[in-house]
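Chemist: Sequence:
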Amino acid sequence: MSETNVFDPDPVLKTLPTGPGVYRMFDADGTVIYVGKARNLKRRVSSYFRKGAHNAKTQALVGQVADLQVTVTHTEAEALILENNLIKEHRPRYNVLLRDDKSYPFIYLSTQQDFPRLGFHRGQRRGEGRHFGPFPSSGAVRETLNHLQKVFPVRQCRDSFYRHRTRPCLQYQIGRCTAPCVGYISENEYAKDVRHVEMFLSGQSSEVVDELVRRMEAAAEAQDFELAARLRDRITSLRRIQERQYVSGAKGDVDVIACRLRENIACVQVFVIRDGQNLGNQTWFPRTPPETTPEEVLYAFIARHYLGESPPGELLISHELTDGEVLEEAMSKDAGHRVGIASRLRGERRRWMEMAQRNADHALSARMSGEALMERRFEDIQQALSLEEIPERIECFDISHTRGEATVASCVVMGREGPIKDDYRRFNIEDVTAGDDYAAMHQALERRFKRLSDGEGTPPDVLLIDGGQGQLRQAETVLEDLQIEGVLPVGISKGPRRKPGEEVLLVSGRADEIRLAPESPGLHLLQQVRDEAHRFAITGHRNRRGKARQQSSLEEIPGLGAKRRQALMKQFGGLKGIKRAGVEDLSSVQGISTALAERIHGHLNG
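Every letter in the sequence shown is one number past the one before it in full-length UniProt numbering, and letter 186, counting from 1, is 186.
A hint or two may mislead.
Computed list of lysine-lysine pairs in DSSO-like fashion (alpha-carbon distance at most 30 Å, straight line) [as the list claims (entries may be wrong)]:
| no. | residue 1 | residue 2 |
| --- | --- | --- |
| 1 | Lys57 | Lys42 |
| 2 | Lys192 | Lys150 |
| 3 | Lys421 | Lys450 |
| 4 | Lys14 | Lys57 |
| 5 | Lys150 | Lys494 |
Across the chosen pairs, the derived CB separations fall in these ranges [what the hints assert, rightly or not]:
| no. | residue 1 | residue 2 | range |
| --- | --- | --- | --- |
| 6 | Glu388 | Phe49 | 38 to 44 Å |
| 7 | Arg158 | Glu417 | 48 to 54 Å |
| 8 | Arg163 | Leu227 | 39 to 45 Å |
| 9 | Ala342 | Glu187 | 31 to 37 Å |
| 10 | Arg510 | Gly336 | 33 to 39 Å |
| 11 | Lys499 | Asp8 | 54 to 60 Å |
| 12 | Gly347 | Gln383 | 39 to 45 Å |
| 13 | Asn264 | Pro419 | 51 to 57 Å |
| 14 | Asp422 | Asp210 | 38 to 44 Å |
Quick caveat, the hints were computed from the structure, so don't treat them as lab data. This one's a predicted model, so the numbers in the text were calculated from it and none came from an experiment. The beta carbon of each residue, even a glycine, is placed where N, CA and C say it ideally should be.
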């Protein structure tokens with residue numbers, strides 16, 4: 001490009017000011033290929049076009065420049081904020097870019113209502129109510145909401161569901177809600193649980209425990225032992241949550257950020273600590289141009305990730321930044337509170353950083369191994385389904401039967417590291433019309449997600465259903481009835497010609513169908529999960545059908561009890577062996593008389 005379109009920078013360089021600002025470089029097509037900020041625009045931009053030693057990244061960049069524009073700002077901090085906005089808008093190929101430019105999730109409490117709701121929130125914090133967080137991922141929010149619901153039965157159902165209830169839902173039956181929708185609890189009593197939730201999420205969990213202990217002791221003295229037992233269970237659950245999340249020596253709000261760079265693949269690991277509680281960690285793999293340093297990755301990551309969001313009061317980072325003061329100034333101005341950045345760490349904080357670095361090393365090694373292919377597949381699914389985050393867990397359900405006989409549903413699980421076989425499940429379907437796949441799917445999903453409502457297991461990000469709109473509606477109904485949020489139901493059905501590569505995806509809440517390219521990594525993963533669910537369901541069905549047929553044939557013979565059936569099965573190795581055996585062979589088994597042997601032989605071979 002440099003031979004056909006030689007850019008003469010001199011006219012632009014002569015007019016550049018010496019103050020702070022932002023510069024944008026364009027290629028011959030008018031596309032922004034790089035955005036940068038400078039304390040001295042003239043000196044910084046001129047350095048690109050001086051003859052001398054430049055690294056490969058800079059040489060490639062300068063060789064494609066066809067135009068240059070600048071924007072002057074009052075301060076370098078303002079330049080940094082503008083640079084961040086322009087990079088997010090244009091996503092230039094020579095800048096460090098985050099794959100997931102998204103906002104942090106929060107827990108939202110609708111305090112303006114008579115019976116407030118606790119729920120998940122992402123995006124701008126508008127309207128009334130309180131927001132707690134931010135949390136590193138939606139999974140961390142769901143886990144915390146699940147723990148809170150076990151201790152404080154504050155409703156988590158959507159307002160549309162709440163307003164139209166005429167009887168309590170399942171959450172009330174399993175002790176996770178006090179049914180304010182039908183007036184089973186007074187506003188004052190409900191407010192006590194709401195206040196405890198606010199205290200817990202504000203870092204006052206010890207005060208909540210102390211208050212519950214006093215109430216428990218008072219209830220015991222009043223001989224209200226049922227209430228005392230409930231309070232005791234709450235206290236135990238709260239202390240377990242504290243033990244799980246407490247970080248020794250942590251005060252205030254802190255993010256621990258470690259960067260590792262290997263073979264031009266960058267990994268950033270962030271641990272989120274709020275009020276002494278470890279809310280979890282998240283991993284990013286920013287897109288980096290060649291010869292980018294860890295310091296450059298960290299600087300770009302912090303700017304892209306925190307500007308315009310809600311940064312904590314302090315960031316602990318693994319590498320010292322050259323312009324860290326400018327970044328601190330910009331973030332503090334943008335957030336409306338002081339934000340400090342520290343890289344020289346001692347004692348407990350150094351140990352936190354070592355923990356983050358170990359996690360970054362592990363994630364980077366996994367990325368560079370065979371799991372990199374799996375990562376690309378999950379990223380492709382995220383893009384295809386327009387998900388806020390790369391999914392961590394996919395569950396797929398399938399149904400298998402022979403003309404309605406011995407119906408079995410399967411659930412297989414796929415994570416970022418591959419199949420999670422310990423979480424595979426089969427469901428023997430009972431009490432449904434033979435061959436009714438919709439009812440069978442409904443029963444399997446209800447049994448699986450009822451366990452999730454009871455606090456058992458991990459929720460999937462994507463619920464894959466082998467089938468069309470009818471099966472997908474069963475999934476939507478079950479999730480709605482059980483008030484399960486954060487799970488996206490997706491149906492996968494074969495195309496008109498039922499050939500691999502022509503699958504149709506039906507996404508809950510979307511009217512249009514999705515057809516991925518046959519070579520799509522995401523489609524290959526969904527096919528793999530679907531085929532695994534199909535295999536697992538067929539295996540379970542065949543086992544159940546074979547066992548049922550063996551048992552039913554022998555159970556019909558008068559005088560042949562369970563012990564004698566078991567003895568025959570062991571002696572002849574199964575029903576086929578028993579059928580081939582003669583009367584003398586059968587009567588040689590202990591407990592089988594000649595008369596009984598004749599009945600067995602006649603029943604099986606008559």
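Chemist: Now, for every hint given, state plainly whether the structure supports it.
Modeler: Status of the hints after comparison with the structure:
1. Lys57 <-> Lys42: holds, 21 Å
2. Lys192 <-> Lys150: With Cα atoms ~15 Å apart, Lys192 and Lys150 stay inside 30 Å; holds.
3. Lys421 <-> Lys450: It holds: about 20 Å lies between the C-alpha atoms, which stays within 30 Å.
4. Lys14 <-> Lys57: The hint holds at about 25 Å.
5. Lys150 <-> Lys494: violated, 41 Å
6. Glu388 <-> Phe49: 38 to 44 Å: Roughly 41 Å apart at Cβ, these two residues keep to the hinted range, so it holds.
7. Arg158 <-> Glu417: 48 to 54 Å: Cβ of Arg158 to Cβ of Glu417: about 33 Å, so the range 48 to 54 Å is violated.
8. Arg163 <-> Leu227: 39 to 45 Å: Taking Cβ atoms as reference, Arg163 and Leu227 lie about 30 Å apart, which means the hint is violated.
9. Ala342 <-> Glu187: 31 to 37 Å: violated, 46 Å
10. Arg510 <-> Gly336: 33 to 39 Å: Holds, since Arg510 and Gly336 (Cβ atoms, about 38 Å apart) stay within the stated range.
11. Lys499 <-> Asp8: 54 to 60 Å: Given a distance of about 57 Å, which is inside 54 to 60 Å, the answer is holds.
12. Gly347 <-> Gln383: 39 to 45 Å: holds, 43 Å
13. Asn264 <-> Pro419: 51 to 57 Å: violated, 30 Å
14. Asp422 <-> Asp210: 38 to 44 Å: Given a distance of about 39 Å, which is inside 38 to 44 Å, the answer is holds.
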